[in-house]
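Number of protein chains: 2
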Amino acid sequence: MSLIDHTHDPAAQSWVASANTPDTEFPIQNLPYGLFRRAGSNDSARVGVAIGDQILDLRLAAAAGKWSAADAVLLHHLAQGDLNAVMAKPAAQRRALRHALFAALQAGSKQETALATCLVPQAEAQMAVPCRIGDYTDFYTGIHHATTVGKLFRPDNPLLPNYKWVPIGYHGRVSSIGVSGTSVRRPLGQLKAPDAAVPVLAACKRLDYELELGLFVGPGNALGEPIPMAEAESHAFGVTLLNDWSARDVQAWEYQPLGPFLAKNFATTISPWIVTMDALEPFRCAFEHPAEDPQPLPYIDSEQNRREGGYDIELEVWLQTEAMRAAGQPAARLMRSNFKHAYWTLAQMLTHHASNGCNLQPGDLLGTGTQSGPNPEEGGSLLELSLGGKQALSLPNGETRTFLLDGDTVILRGYAVKDGARRIGFGDCAATITPAPML
Amino acid sequence: MSLIDHTHDPAAQSWVASANTPDTEFPIQNLPYGLFRRAGSNDSARVGVAIGDQILDLRLAAAAGKWSAADAVLLHHLAQGDLNAVMAKPAAQRRALRHALFAALQAGSKQETALATCLVPQAEAQMAVPCRIGDYTDFYTGIHHATTVGKLFRPDNPLLPNYKWVPIGYHGRVSSIGVSGTSVRRPLGQLKAPDAAVPVLAACKRLDYELELGLFVGPGNALGEPIPMAEAESHAFGVTLLNDWSARDVQAWEYQPLGPFLAKNFATTISPWIVTMDALEPFRCAFEHPAEDPQPLPYIDSEQNRREGGYDIELEVWLQTEAMRAAGQPAARLMRSNFKHAYWTLAQMLTHHASNGCNLQPGDLLGTGTQSGPNPEEGGSLLELSLGGKQALSLPNGETRTFLLDGDTVILRGYAVKDGARRIGFGDCAATITPAPML
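As you go down the protein sequences, you meet chains X and V in turn. Numbering follows UniProt numbering, with no gaps: position 195 of the first sequence is 195. Numbering follows UniProt numbering, with no gaps: position 116 of the second sequence is 116.
Each statement offered as a hint is correct.
It does not matter which identical chain is meant; a pair holds if it fits inside one copy or across any two.
The calculated DSSO-like cross-link candidates involving lysine-lysine, where the alpha carbons are at most 30 Å apart (straight line), are:
1) Lys340 / Lys192
2) Lys164 / Lys205
3) Lys151 / Lys192
4) Lys164 / Lys151
5) Lys66 / Lys110
6) Lys110 / Lys89
Rather than coming from a laboratory, the hints here were simulated on the basis of the structure. Please read these numbers as outputs of a predicted model, since none were measured by experiment.
If we strip away everything but chain X, and leave its shape as in the complex, we get:
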């Protein structure tokens, strides 16, 4: 059953003029949710919907607009800043709210006059992490990343035997998840050079980003009750960009046998807007493992997943150094990739995660792992682009980088583009590195 409907019509226009410009990331076909308050105000946080360069303030809109009784219930939660309550609702209720917001913002809507007073310029908003995140899991679905990095850590054994069977994942840290714009302090950590006799505590010298998507969970499952593949997508709420900051030197020394810990948990950055699964519907794509690879075990396989379980989402990493900023130079693009190269789908991540009865909850965040493309220049981290720090990247202004320096701003960008569909974007996921504490 196709879920493409009138809200995906590329010809649809909004009465918010900036939503109709060709380069906006937030046309009326998108309608992502975010948590915000007016910068500098004492307002309580409330959920808004990005539309062009504006935000429809759902606290104001809940009161000023006309809504069905069912939509009003959901808007009441959003007005209080409680996105989790809406994430928990069945897909049909969430889709109904999308339709109501679309109708209200569409060109010619009778609600224009009332709702025009509910717009806040994005430039005047202070965004926050959009919901209460109960647990954060990071997967490892980027097979090109896993292979390239595996070669650096284990030259003889880059892709472990379980990779093509198990959607590998591990738990991450919730408390240090920050929204785009939050600076990231270079961590201290135990470092041990291969030729050093003993480790030392020092500032990380191999600080890196990782280009990921983050899937927010919608309705949860009860503890002990797996989620079958046929129901997996009904548990998905929406997607952000996610930067899984990584201290490579800390990681190399600490990660065995229980996985990354302090190498990762000092910071994770997400983009402020959650693009809903409904908005991404036109950008589905076929998903298949190469014929020579093992096919997924039945519990993470379905005909529907093979037909349309993938998503065609363009991903980019940009870098603006302190020198570029001082010289008024824009950020430089370091790479491009696409989520369609992932080895496991979002549905497989959800079903595998719950296959042992682990209970997912509304607002949980599942990172996809680094989304590198098949070619070397499509690496989703500096570790890959610099060949493990051995070959510096040249930047347009003459600077070079192997790993990040203080003052560097890393910006992740994402777009979904397809013939016959309106292009939608995710909004920047940006953060700047600040110096480590003094030792």
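Using the hints, position chain V against chain X.
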């Protein structure tokens, strides 16, 4: 500065008679916090203090008792069931509340008449996870466990080179943490026998427990700001028993390269009462790495930690099978160990965790890792006691076990005992295995 005071006097008695029996785990010297409601009631959850076989209901006691203004503020939070608010307070405020509760419950207290109406028998209480846990981290401080298990997974390389330098830890799952009494469903998972060509999804065949302590964090630290060793203990709130249930067959296949995931996150069980650091004060012990081992790096070392950073806490695992229960036979003790064998202290866990700027928050839970003693019969898991499943344990009723069967109840118990101090206990951490979902 010794923090031993009159509340640790072994001669102190309570007007609650059951708190004065020699075998109680909850004499007036203990005073642990838990979250509860009367079983079968619609009461809101509130915090209580265990005293003998009773609970002092702090919602009732806040109203019925006489308290200083400062204590009343803390009791107001506890009356609402919000232990996190009290966990966030400075150690001196938490200690003052302990002193007030001790005075109120002490034999001869003028508050006896008023507070006697605020007692709820523990047998009539339904306990809950005692606070909001933001993040759960599991450490690996049991060197005897790490060595024995390392031999099973990596015979040539049991203890990795980082073990004696890095307090190894990884992130766990918050949503599946349950309080003692919550049953644990046997998980399904991908299993691959060493001689099998491909994995299958099946019910875990090597289900195991792990004997741990759980440290609850008190006041947190700001993101980016490490916690120096000198301040570490002020960030500790109290300790529970913790069972880190483990699916060994799932773990063996999934854990590389990012660590345990579905092998662990289907369930973690904690005991209902948080024994405060103040209550544990008399049971401190010296902590030292063997002279031939590397000494801790300066950031996780201190004279005070060496002098008294350890805790002498007896730990036990008991098993009651379905057949024992049917025959009215009590649980059988499988092993004994002691937390003093841990290779890292609670203070080192806290300081290492925050050393990269990771922000700890009140209510965060840090598992210690499996606390096995130096001798083979002191293994803190069946994996150890059964030599990796190769040698079955004999139970008193003639049954044997390599790993857990459905219907088995695992009970962790813990006691702090010392000459000159009143013995205190943790309360049972128990859960029963229920069958896996049908495939």
